[in-house]
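Asker: Each chain, written out:
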Amino acid sequence: MPYKIKEIELTKPLPDISLSPDETGMALIVRRNDKPVGFVIQQFPVKSLIYSEEIAQLIAKEIGSKLIQEYLQEEIKPIINLALFPSLTIAICTKDRPDNLARCLHSLKELLQQALELDVLVIDNAPSDDRTQKLVGSLPWVRYVREPKPGLDFARNKALQSAKGEFLAFLDDDVVVDRRWLTGLITAWQENPDAAAFTGLVLPYELETEAQILFEQRGGFRRGFQKIRYGQILPGNPLHPCGAGIFGAGCNMAFRREVLLKIGGFDEALDTGAPLPGGGDLDIFYRVIRAGYTLVYEPEYLVFHQHRREYEKLQRQYWSWGLGFMAFVIKAYQTDPPQRSKLRALIWWWVKYQLKQLRDSWRGNHVLPINMILAEMWGGIVGFFGEYPRSMKRIETIRRQFS
Amino acid sequence: MSNFAPWKILHIDLSEDIPELNLEPHYQGIYAVFWWRGIPLGDRQIFASQLPLPASALRNLAIEAITPAIGDRLLENGFKAPLPVVYPDPAWDKPPDLQALLALQQPLQQLQQTYAQPVNNSISIVICTRNRPEQLARCLRSLLNLSQPPQQIIVVDNAPQDETTRGIVAQIPQVQYILEPTPGLSRARNTGIRHATGEIIAFTDDDVEVHPDWCVRLQQAFINPQVLAVTGLMLPAELETEAQYIFHQGSGGSAWDYRAINYDRQFFANMQHRGVPVWRIGAGANMAFRRQAFELVGYFDERLGAGASGCSEDSEMWYRILAEGGICRYEPTSVVFHYHRRDITAFKSQAYQYMRGHVAALLIQFANYQHWGNLRRLCLTLPKYYVASILRSLKHGFAPRYSSVFTEILGCVSGIQFYLNNRKKPAWSIPVNNSQSPTQSNLQNSQLITSSIKPGN
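If you read the sequences in order, they're chains A and B.
For what it's worth, the numbering used here labels the leading residue of the first sequence as -7, then goes sequentially.
For what it's worth, the numbering used here labels the leading residue of the second sequence as 99, then goes sequentially.
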């Protein structure tokens, strides 16, 4: 079942790769001079021996353009930017997952030695015990803050209040950061000093179960290895900036703190845990752009995400994607009248897209089985019919409870 | 009243400091063309709402825009421009070889070296003009700036109303003046060919300015002996009016890409049954021919072109070259800057002339070779296209960019009429002072035959 994940360094000779008796495929993280430049995922029979020539072909197809761009980056006079990166707070919102959190913090610790004074903040969100607090207590370089109101966006807003840095980066507790993560963020900022938000690449941490492999085969959280600058328009995309989901993922994002404050922080009615577990990232990216700012996607700003291991949880994740997406669309429709025609077009696009997926899956041309697609569709339908107002009421209750 | 706002054209040499782009009042955006020391590599339209753009972000945008051209020039596979219609699917190109990719160190240096090779053929430049002395003067000034002087520059003054053009040319000793009293662009071009002495004969129009390396790049493109014709990149010199912008958009597409294309026998064979899209190969304002090409397939058809059918004398020539097994190469490093017509009425009359010439050329191509694809295009493809266009126009309430449909249809009808009236006329006049004996061709291509095309009938 599992896929082997292997790092390839292009400046060294390519290896032959042999799969063990239980491995049914492999994923390659391709780097050049340590910098991530490509990702390949492919199924293979068990016990395959994949020769370096075949690996070369697999890689060449994926990274041709990216590699040329790397050479050009080196050859075309860089813009010299002597300014130092502003102060940075890294916030990790967590709830009852100390093991995941410890792994995430461990990956950050390695970066700490690289330079910069980092302000690392853990937001313990409505914890059911003190394990997280104890863990953080044992790490002198991490600050501990508690947010009793349950809901990810309550926790994110708490981080916004408690942060000291000019920049604020968010990580989920189920990621580990790549060793180039900080370099990636600094690069993106130097290249786009005017940008207010940054998102990065998310690759799989492990591909051990069927659910994890399915999720990654369908594209996962990947947004490719091209730098993208999302401004007020996106040439070739008439639905921009409504085309949610293209900007990146909430498990790896960073903002200018003052911009977040100015636009009012995260919407606490989204990302509310079990009832509505999504949409908060879509909403904040959309609002950053609608407020006139630029958002930048940088592939070197990379984290590895541990996907849901269980099949049922993956199905639930697709459901929550549909739900969160539609909740966001309906909210934007209500709060941003000038964009309504685009949002209507987006809803139509979504319906057509889902029906097409359903047809492809029916015919066996889709990586996802029908039940996963139905889950996403059903989530969307529930989201369309009043999920956002329902969530508003729920969080009002929570607010009263904790005031 | 149209609410069109002009585009500012900005040429950015990536070997120099890259600027920060700022909002320019009354422009709707910046049309940025990226170069590396005289080699054009890509472009991007940057809308006003994307500005200001920091220099480093512009650098990233440029790198992305020029990647296909770099890959195409330096690698065998993976970055080929799709041939029009034949391979609309970019997947026809095989993926690149990883070892070749990894060996690409300093691609821009490598690229520059490949274009630094000296040329070993001579070139004559022919400019045909008619009563446009100011534009001609601008064009000639740019020709005097060429990085390597050509063997010869000829101005063919076509049925002029006065002596102004002669006077302008007389001021420039490097330029030779020839009078062609009979009107017609093809006729003027043929007169130019007869006076040309270079191994390569390049043509441009009076409404362009040429890039200093225009000629050298054309000459380099003829290194392969099977290449009989070369076309180049035509960039807009200005995009100040809506007509210019529509023209620019309409002439866009793969033909104006920054990757080279070889149109060869296989391209011709694949498309013959449905009408070979020879008009996609290039434009008369930026083209060149090996002298032997004219000996092999004949001169420009004088029934076609401005002053006669309207246009398509260039593409009909490429048709014959391809039909006889030669290669037409699109070489985008050879650049001219074209001043598109500024007003929309002139644009419409151009659309009329364009279709008139196109239809006449289809009929002439059929008459020359009995390739039924030409008739299929005339009788099936074009009617289908215009029915669809009219339906679309009805839907969009005849917006400016769809308004030329009826003009074009009239042009088509007139093209048929023109052909019927002129089918008996000779394709080109027999030269007076040219022996016309087939010179010993150094082309190894034995399939090239001269017999199937005869001047006139």
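Any given hint could be a false lead.
Said to hold, decoys possible - Selected chain A positions facing chain B (Cβ under 10 Å, derived; list incomplete):
1) Glu(-1)
2) Thr3
3) Pro7
4) Ala48
5) Lys53
6) Lys58
7) Leu59
8) Leu64
9) Lys69
10) Asn184
11) Lys219
12) Val359
Claimed, not checked - Keeping only pairs whose Cα atoms sit at most 30 Å apart, straight-line, the calculated DSSO-like set for lysine-lysine is:
13) B/Lys493 x A/Lys58
14) A/Lys(-4) x B/Lys493
15) A/Lys39 x A/Lys4
16) A/Lys87 x A/Lys156
17) A/Lys348 x B/Lys493
18) A/Lys4 x B/Lys192
19) B/Lys178 x A/Lys53
20) B/Lys178 x A/Lys334
21) A/Lys156 x A/Lys126
22) B/Lys493 x A/Lys69
23) B/Lys192 x A/Lys27
24) A/Lys27 x B/Lys178
25) B/Lys493 x A/Lys344
26) B/Lys178 x A/Lys58
27) A/Lys53 x B/Lys493
28) A/Lys156 x A/Lys141
29) A/Lys69 x A/Lys27
30) B/Lys192 x A/Lys334
31) A/Lys69 x B/Lys106
Hints are computed from structural coordinates only; laboratory data are not their basis.
Just so it is clear, CB atoms sit at the ideal spot from N, CA and C, and this is done for glycine as well.
Asker: Now, for every hint given, state plainly whether the structure supports it.
Answerer: Comparing the hints with the structure gives:
Given the 10 Å rule on beta carbons, the hint for glutamate -1 of chain A is violated: about 16 Å separates it from the nearest Cβ of chain B. Restraint check, threonine 3 of chain A versus chain B: the minimum CB separation of about 8 Å is within 10 Å; hint holds. The beta carbon of proline 7 of chain A is not positioned within 10 Å of any beta carbon in chain B (closest approach about 14 Å), and the interface hint is therefore violated. With a least beta-carbon distance of about 4 Å to chain B, the hint placing alanine 48 of chain A at the interface is held under the 10 Å criterion.
Given hint, lysine 53 of chain A at the interface with chain B, holds; its Cβ is 4 Å from that chain's nearest Cβ, closer than 10 Å. A least Cβ separation of about 9 Å between lysine 58 of chain A and chain B falls short of the 10 Å threshold, and the interface hint therefore holds. Interface hint at leucine 59 of chain A: satisfied, since its Cβ lies 5 Å from the closest Cβ of chain B, which is below the 10 Å cut-off. This hint holds: leucine 64 of chain A has a C-beta 5 Å from the nearest C-beta of chain B, less than the 10 Å allowed.
Evaluation of the lysine 69 of chain A hint against chain B yields a held restraint, the C-beta minimum of about 7 Å falling below 10 Å. Nearest Cβ of chain B to the Cβ of asparagine 184 of chain A: about 5 Å, under the 10 Å cut. The hint holds. The interface hint given for lysine 219 of chain A is met, as the beta carbon of that residue sits about 5 Å from the closest beta carbon of chain B, less than 10 Å. At its closest, the beta carbon of valine 359 of chain A sits 20 Å from a beta carbon of chain B; the interface hint therefore is violated under the 10 Å criterion.
Only pairs whose Cα atoms come within 30 Å are accepted, and lysine 493 of chain B paired with lysine 58 of chain A is rejected, the gap being roughly 42 Å. Only pairs whose Cα atoms come within 30 Å are accepted, and lysine -4 of chain A paired with lysine 493 of chain B is rejected, the gap being roughly 55 Å. Distance restraint check for lysine 39 of chain A and lysine 4 of chain A: the Cα-Cα separation of roughly 25 Å lies within the 30 Å cut-off, and the hinted pair is therefore satisfied. Restraint check for lysine 87 of chain A and lysine 156 of chain A: the C-alpha separation of about 22 Å stays at or below 30 Å, so the hint holds.
A threshold of 30 Å between alpha carbons decides the hint, and for lysine 348 of chain A with lysine 493 of chain B the separation of about 27 Å falls inside it, so the pair holds. Our distance criterion of 30 Å between C-alpha atoms is met by lysine 4 of chain A and lysine 192 of chain B, whose separation comes to about 25 Å. Under the criterion of a C-alpha separation no larger than 30 Å, the hint pairing lysine 178 of chain B with lysine 53 of chain A is consistent with the structure, at around 14 Å. Restraint check for lysine 178 of chain B and lysine 334 of chain A: not satisfied, since their Cα atoms lie roughly 36 Å apart, outside the 30 Å limit.
As the CA atoms of lysine 156 of chain A and lysine 126 of chain A are separated by approximately 23 Å, the hinted pair is consistent with the 30 Å bound. With a CA separation close to 50 Å, the supplied pair lysine 493 of chain B and lysine 69 of chain A exceeds the 30 Å bound. Between the alpha carbons of lysine 192 of chain B and lysine 27 of chain A the distance comes to roughly 26 Å, so the proposed pair stays at or under 30 Å and holds. Between lysine 27 of chain A and lysine 178 of chain B, the direct Cα distance comes to roughly 27 Å. Compliance with the 30 Å bound is thereby established for this hinted pair.
Restraint check for lysine 493 of chain B and lysine 344 of chain A: the C-alpha separation of about 23 Å stays at or below 30 Å, so the hint holds. For the given pair, lysine 178 of chain B sits about 16 Å from lysine 58 of chain A by alpha-carbon distance, which is consistent with the 30 Å threshold. Between lysine 53 of chain A and lysine 493 of chain B the alpha-carbon distance is near 42 Å, which puts this suggested pair outside the 30 Å criterion. For the given pair, lysine 156 of chain A sits about 22 Å from lysine 141 of chain A by alpha-carbon distance, which is consistent with the 30 Å threshold.
Only pairs whose Cα atoms come within 30 Å are accepted, and lysine 69 of chain A paired with lysine 27 of chain A is accepted, the gap being roughly 19 Å. Between lysine 192 of chain B and lysine 334 of chain A the alpha-carbon distance is near 38 Å, which puts this suggested pair outside the 30 Å criterion. In summary, the hint linking lysine 69 of chain A to lysine 106 of chain B is supported, as the alpha carbons are separated by about 24 Å, within the 30 Å threshold.
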